[in-house]
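Here is what each chain is made of, one letter per residue.
Protein chains: 2
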Amino acid sequence: MTVDFHHRLASVASEIEDVLVTIFDVATTPPVPARLLGAMRYAVLGGGKRLRPFLVVEAARLLKGDLTTALRAGAAIELVHVYSLAHDDLPAMDDDELRRGKPTLHLAYDEATAILAGDALQTLAFETLADAATGTDAAMRAELVRLLAKAAGGAGMAGGQMLDLEAEGRFEGASELSAQAIAQLQAMKTGAILSCAVEMGAVIGRADAPTYQTLLSYGRALGAAFQIADDILDIEASSAELGKATGKDAGRGKATLVGLWGVEKARAELERLTGDALAALSGFGAEADVLRAAARFTADRRK
Amino acid sequence: MTVDFHHRLASVASEIEDVLVTIFDVATTPPVPARLLGAMRYAVLGGGKRLRPFLVVEAARLLKGDLTTALRAGAAIELVHVYSLAHDDLPAMDDDELRRGKPTLHLAYDEATAILAGDALQTLAFETLADAATGTDAAMRAELVRLLAKAAGGAGMAGGQMLDLEAEGRFEGASELSAQAIAQLQAMKTGAILSCAVEMGAVIGRADAPTYQTLLSYGRALGAAFQIADDILDIEASSAELGKATGKDAGRGKATLVGLWGVEKARAELERLTGDALAALSGFGAEADVLRAAARFTADRRK
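In order, the protein sequences belong to chains A and B. No gaps in the numbering here: position 147 of the first sequence is 147 in full-length UniProt numbering, and each next residue is one more. No gaps in the numbering here: position 27 of the second sequence is 27 in full-length UniProt numbering, and each next residue is one more.
One or more of the hints may lead you astray.
Here are the simulated distance ranges between beta carbons [to be verified]:
#: 1; chain 1: A; residue 1: Arg-272; chain 2: B; residue 2: Lys-49; range: 51 to 59 Å
#: 2; chain 1: A; residue 1: Pro-210; chain 2: B; residue 2: Phe-284; range: 51 to 59 Å
#: 3; chain 1: B; residue 1: Thr-134; chain 2: A; residue 2: Asp-137; range: 14 to 22 Å
#: 4; chain 1: B; residue 1: Pro-91; chain 2: A; residue 2: Ala-108; range: 18 to 26 Å
#: 5; chain 1: A; residue 1: Pro-30; chain 2: B; residue 2: Gly-285; range: 29 to 37 Å
#: 6; chain 1: A; residue 1: Asp-25; chain 2: B; residue 2: Ala-133; range: 32 to 40 Å
#: 7; chain 1: B; residue 1: Thr-22; chain 2: A; residue 2: Thr-134; range: 29 to 37 Å
#: 8; chain 1: A; residue 1: Glu-172; chain 2: B; residue 2: Gln-213; range: 39 to 47 Å
#: 9; chain 1: A; residue 1: His-6; chain 2: B; residue 2: Ala-108; range: 44 to 52 Å
#: 10; chain 1: B; residue 1: Gln-213; chain 2: A; residue 2: Ala-179; range: 58 to 66 Å
#: 11; chain 1: B; residue 1: Pro-91; chain 2: A; residue 2: Lys-64; range: 44 to 52 Å
Covered stretches of chain B, as calculated for chain A (at least 3 residues, CB under 8 Å) [said to hold, decoys possible]:
#: 12; stretch: 34-43
#: 13; stretch: 84-96
#: 14; stretch: 103-113
#: 15; stretch: 136-145
#: 16; stretch: 151-159
#: 17; stretch: 219-231
It should be emphasised that the hints constitute simulated quantities derived from the structure, not laboratory data. Note that CB positions come from ideal geometry on N, CA and C, so glycine has one too.
Chain A with its partners taken away, still in its complex shape (with noise of 0.2 Å):
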């Protein structure tokens, strides 16, 4: 089982790395500049687990939808995750140096070439979903649109980092959060765009309004575990295991859970976050034994 998820999920990302690479260079026609287009391909090609995808794709396949819809959406939702990551990454929000074990994109190139590329890729994800040329029906395209934008702005991850930043007691009248306060934040930042692409993969496979709410609730537990482990690997984990700065939320003050609770509390969270995404899935058999190894993969993930 463990051994298949790997590979499913390894065999899942170099799919959607096709497909990345085919819309840059369908981007190419008109023209994206040189340094544009560089800066882009930079940030996105070749790095990441490419678990929001993989989410897409495998809910998608669980209901039998199409699967070359599900690759771009799974591009696309990638796209909108890149885009956060450039831009969180600037001096002016997190100030990082290092992301999936290469410079960031503002020192590889600049800050304004990080920010236009990071704007581009935003754009280029809601052109990726409307575009016809899969054939994927109208109404869908415009329905994962509205999934997707819904799930990346202000109520969904641009709000989670505004609150974020707000937490590091940045802007005056900044508090201490409590524990319901952090998990808000974290299941806008983090969760509604890895529920969106469970989401995503429901539209795509058609799901009936019961099959749509269990996958729903699936998609939301594994968001909320997903920030939780993420938090305990900051602790835990090395940078050049991750491939990004470590240790970096507590000097910072980013509010955590695992920062409030200590990680005992905060990994038995997890477990049950974990549980819950699992119980939402009892209603079918082995052919979501995917989704559960996923679900188990965020939780126990040593990167």
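Knowing the structure of chain A, use the given hints to seat chain B on it.
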């Protein structure tokens, strides 16, 4: 005619303002963090001629398209325009202090908030277009998303801003641009979104292929004229008249046709382009007078 035009421009601007206010109200359920929403509203509301929305609405009206859809699409294109202004004004980009007569977003708030608010405004634009609330059919919604993304992305607005920064000599290997290269840069940076506005109106009006091409020609000529007029204004108008910094293009080494040719030759080119825009509309009767006036306004405006 002129009085009518200014009345119509102000009237559409007022309707767009109402739609934008509604979009922000809806965006608060689920809640956008107050600081982020405040920054988004600060950047968007209460300013600007709303020329891009005006072109969407008037092109749609010419073809008897649905005006509710046109107003929402107009609001979406304005959100993209404003996000680009907020990011272009950042210290790492053009480092501007004044926009629409107010301190730029990063000065009114801070850099991190300005980056995030710009990001979230772009997302909100696509969410607005994909939203089924107006009853717009899915094929039209998906096509509007595709058009706006194409115009805003790396081969359009964001790409044009990249070329503009390169032309300033910021990066190694920059060289003086030919008139053709400057025209290409400007067609991407400002022209693409302006002609996209007209195209969106054509889509909403369900234009047949020849009418679509006609309006596209009009939009492209108007877009090119707009930038030359803007560059002349940068030289001739005062900062107080424009509500933004002026005279900065030359100091900054921005590539403009006015800088290359001088004002007189640039004015002649502006006349020629305005003539092209009017000629494109020659198959229409008085029902296209508003678009004709928009082309003249674009060339003659004093702010």
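Each hint, compared with the structure:
1. A:Arg-272 / B:Lys-49: 51 to 59 Å: For Lys-49 (chain B) against Arg-272 (chain A), whose Cβ atoms are near 55 Å apart, the range 51 to 59 Å holds.
2. A:Pro-210 / B:Phe-284: 51 to 59 Å: Hint holds: Cβ distance 53 Å, inside 51 to 59 Å.
3. B:Thr-134 / A:Asp-137: 14 to 22 Å: Hint holds: Cβ distance 20 Å, inside 14 to 22 Å.
4. B:Pro-91 / A:Ala-108: 18 to 26 Å: holds, 20 Å
5. A:Pro-30 / B:Gly-285: 29 to 37 Å: holds, 34 Å
6. A:Asp-25 / B:Ala-133: 32 to 40 Å: holds, 36 Å
7. B:Thr-22 / A:Thr-134: 29 to 37 Å: holds, 33 Å
8. A:Glu-172 / B:Gln-213: 39 to 47 Å: violated, 55 Å
9. A:His-6 / B:Ala-108: 44 to 52 Å: Roughly 49 Å apart at Cβ, these two residues keep to the hinted range, so it holds.
10. B:Gln-213 / A:Ala-179: 58 to 66 Å: holds, 59 Å
11. B:Pro-91 / A:Lys-64: 44 to 52 Å: holds, 51 Å
12. 34-43: With 4 residues close enough to chain A, the hint holds.
13. 84-96: Since 5 is at least three, the answer is holds.
14. 103-113: holds (count 4)
15. 136-145: holds (count 7)
16. 151-159: holds (count 6)
17. 219-231: Since 0 is below three, the answer is violated.
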